[in-house]
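Protein chains: 2
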Amino acid sequence: MTLNSVTEDFIAHLRGVLPEAAFREVMPSYLEEPRGRWKGRAGVLIAPGSTEEVATLVRACAEASVPVVPYGGGTGLVGGQLSPEGPVPVLLSLERMRAVRGVWPEENVMVVEAGAILQDIHAEADAVDRLFPLSLAAKGSARIGGNLATNAGGVNVLRYGNARDLCLGLEAVLPDGTIWHGLKRLRKDNTGYDLRNLLIGSEGTLGVITAAALKLFPKPAGEGTALMVVESPEAALSLLSMARDHMGEGVSAFELMHRAGLDFLAETMPDMRLPFAEPPEWFVLIDIGLAKGLDPAEALEALFVEAAEAGLVSDGMIAQSEAQRQAFWEVRETIPEANRRIGSISSHDISLPLSAVPGFIDKGNAALRELGPFRINCFGHLGDGNLHYNVFPPKGETRDGYTGQRDAIKRLVHDLVHDMDGSVSAEHGIGRLKVDDLERYGDPAKLAAMRAIKAALDPKGILNPGAILKVLPDRQ
Amino acid sequence: MTLNSVTEDFIAHLRGVLPEAAFREVMPSYLEEPRGRWKGRAGVLIAPGSTEEVATLVRACAEASVPVVPYGGGTGLVGGQLSPEGPVPVLLSLERMRAVRGVWPEENVMVVEAGAILQDIHAEADAVDRLFPLSLAAKGSARIGGNLATNAGGVNVLRYGNARDLCLGLEAVLPDGTIWHGLKRLRKDNTGYDLRNLLIGSEGTLGVITAAALKLFPKPAGEGTALMVVESPEAALSLLSMARDHMGEGVSAFELMHRAGLDFLAETMPDMRLPFAEPPEWFVLIDIGLAKGLDPAEALEALFVEAAEAGLVSDGMIAQSEAQRQAFWEVRETIPEANRRIGSISSHDISLPLSAVPGFIDKGNAALRELGPFRINCFGHLGDGNLHYNVFPPKGETRDGYTGQRDAIKRLVHDLVHDMDGSVSAEHGIGRLKVDDLERYGDPAKLAAMRAIKAALDPKGILNPGAILKVLPDRQ
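Just so you know, the protein sequences line up as chains A and B, in that order.
Residue numbers for the first sequence follow UniProt numbering, beginning at 1 and rising by one.
Residue numbers for the second sequence follow UniProt numbering, beginning at 1 and rising by one.
Hint data in this document are derived by calculation from the structure and do not stem from the laboratory.
No experiment lies behind these values; they were computed from the predicted model shown.
Please note: incorrect hints may appear among the correct ones.
As the list makes no split between identical chains, a pair holds if one copy fits it or if it spans any two.
To be verified - Derived EDC-like pairs (lysine to aspartate or glutamate); straight-line CA-CA distance at most 20 Å:
(1) 292 x 245
(2) 292 x 309
(3) 395 x 370
(4) 460 x 400
(5) 410 x 52
(6) 363 x 234
(7) 460 x 306
(8) 292 x 306
(9) 410 x 120
(10) 395 x 85
(11) 363 x 415
(12) 363 x 330
(13) 292 x 223
(14) 460 x 85
(15) 460 x 165
(16) 39 x 25
(17) 410 x 436
(18) 39 x 436
Looking at chain A on its own, in the form it has when it is part of the complex (with noise of 0.2 Å):
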């Protein structure tokens, strides 16, 4: 069974069978993807207007064979939602499809379609006084379908869950076309397999997500951000423990940064103002949202003077007002930009133990030392064991001169990630990215149930061949 690349004739056919507000140009913005490792291609993009539509498209390609690349708002890392080789795919945008299709804030819940953008839903739900808290840089692009499909972490993690823990329910269309009406605003339902997540952080490989059920929450009557200085990692490790005894599940986010960080943010933003007048070698930003009754900058004082005594932090800031939060904030979500412009040599989006964490730390920053004269930002969600651990060329170089290491400086992360329990993906995914890091890395037992899996529900591999599981060599 082989897939047919798209032909002028099946275009025609889709013709038929579908409005013509469904077809889009192919703007370049579509085959390109944040890190410009690859460029895709398209036969034709289809934008369609309902899940109707979606599922008589894709019930389509079933018939004729033709993959389908479904794409959410493109921000993926690791090139899950294009398609740079084997037989020309129709890109499926969820773009038109972005309605709030109700809201329930007694229940604390919403239902979205796949292509809602995050930030507009963050929007929906704070004009009903509540909070939904999948938060990551690229919220004011990013499509919640594109968020489910691949289990999205960010920066709220550690008190609210992953996309997979913020969904109730789903409305999919599998790859026969058929539609799962899988809509349901419960918070506890036991009947049959968990079709909701296995299709969330498939990568669109097993459905389309056209919809979602998702989780609100109430807002914490008080929030609080404080920047602190720490000794090492594992100090940070010591005050993250310390601020769960202090405020139990009011620990928001627990975000670690490196010096590198505010080094990138100086070369690459001069006129960004830095919170630190001498950079420290690590901090820590801590958010926190509080019940009523406490005072958010009170609990992060009492926080900070506990941690000074026991030798854990050496220096803080407590935000004194919203302005003040959100300019500690930016630090964190402008280091992604700055890593970008700086351009990496190769990126690890990782999870380890948590206690695990500074041994990782210490044994990849000594190993790369030996391999060249990296610079190395590690950074990220400290409370979820997930760090961003990126390697860079020297000051005032780039990456050209240096792409012929990348194979072995991810290797050696890789392999020391893998020997420490952790994961070589914690939040972005596999992708076509780190096709070749599951195989060598998953479970033998897991990868053939996978496999199993995608055959069974996806008999002729038309959704989004290549991403997560290589194409069989019967299929390319």
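Given the structure of chain A, go ahead and fit chain B onto it with the hints provided.
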């Protein structure tokens, strides 16, 4: 492809590949289930001492096409743990695999084997000043493997989630006898399809869970419990909303109870001390756990005052000691036993969108009144929209005279739940009791996907045949 009953020859073969200690006597208790609906059968009872022995057993069964029924604590309420018909199976008990493989208090993680009893896990967590929050009435005999296989719920789902939400990683034996080593201690891991959540809730039909990495939590600094008399289920929902405004995630449990529960306790356990002199129509148990700096009794008092002013509550008691907290909880946790002693005609473990709960109770009660002079005990986890809506004979009669109406009652309740976008199995699962309900109410696309997954992972259909999905005719 048909399945074969266990034969003497097959047992002899197993004795050649498994140690003597794994073979146990089939005591009658293994063939019973708490509601006494079915009698199981077992050709042999095997309790392996290790994951490798589980794998050896499953491989042997797969080769001989002999069915395997995994058995945990035997406390399941839908008959998933026993086989009343079809080829006689191997009963695979996890009771000898109870080890705690590791505890990492600083990571809030514990790794335990599947046969560990839930209450023992609570004690292990307590010993390192941590909380494992999954809790249910059968905690003294339920085993964690069964809790995970059925995605158990219980009283703390509101705050901490169900079994699925409390599991970071699994080790399991798949239907071909291979071992999936998935015991990750990671908070984030986006490396491929979510096999963990597919096995959780699959009720032993896709794999045998042998060990799990569980999430622990810091204990709340202070805990409190109150009983409050509410005017109606609607008032209870408003009270819940008010409680969450006051205390955010601090609300750990919010249990609705009806006077019928108190009546049943008085009738079946006359020595038990009940909390109300005058039994109220509706009341709730609220359990809270707060961070440092907040006094639980004060917080409950403040909530009561505001709720009384709003006309939501008319009476209440706040526990003044740990003993009183236990006494309040005992009322809630003894109601299932009182129900068993009265003997329900039909029991329903249902969930609804939160805002649909009051309407459901009104409509359900009215429709049942048309059908007969039944007593209804409606209670449960209101915070999750999960009701145990159980129908009993009139006072002084047994269910024997009413079993002919069982199907009509169940149909009436489940039709109404389905019409109101609810679930006919909120937390107990499908087992063998609700296979027909799943066929009737399940989404066809989801059912087709489930069947495809089952056939792909367990092509011979050896694992727990007849649970969740009907056995295909050619396997009967």
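Going down the list of hints, with the structure as the test:
| no. | hint | verdict |
| --- | --- | --- |
| 1 | 292 x 245 | both (18 Å within a copy, 8 Å between copies) |
| 2 | 292 x 309 | between (28 Å within a copy, 19 Å between copies) |
| 3 | 395 x 370 | within (18 Å within a copy, 81 Å between copies) |
| 4 | 460 x 400 | neither (40 Å within a copy, 54 Å between copies) |
| 5 | 410 x 52 | neither (43 Å within a copy, 34 Å between copies) |
| 6 | 363 x 234 | within (14 Å within a copy, 58 Å between copies) |
| 7 | 460 x 306 | neither (60 Å within a copy, 61 Å between copies) |
| 8 | 292 x 306 | between (23 Å within a copy, 14 Å between copies) |
| 9 | 410 x 120 | neither (36 Å within a copy, 43 Å between copies) |
| 10 | 395 x 85 | neither (35 Å within a copy, 72 Å between copies) |
| 11 | 363 x 415 | within (12 Å within a copy, 60 Å between copies) |
| 12 | 363 x 330 | neither (30 Å within a copy, 52 Å between copies) |
| 13 | 292 x 223 | both (11 Å within a copy, 16 Å between copies) |
| 14 | 460 x 85 | within (17 Å within a copy, 37 Å between copies) |
| 15 | 460 x 165 | neither (31 Å within a copy, 33 Å between copies) |
| 16 | 39 x 25 | within (17 Å within a copy, 64 Å between copies) |
| 17 | 410 x 436 | within (12 Å within a copy, 51 Å between copies) |
| 18 | 39 x 436 | within (19 Å within a copy, 50 Å between copies) |
In the structure shown, a violation is registered for the earlier hints numbered 4, 5, 7, 9, 10, 12 and 15, in ascending order.
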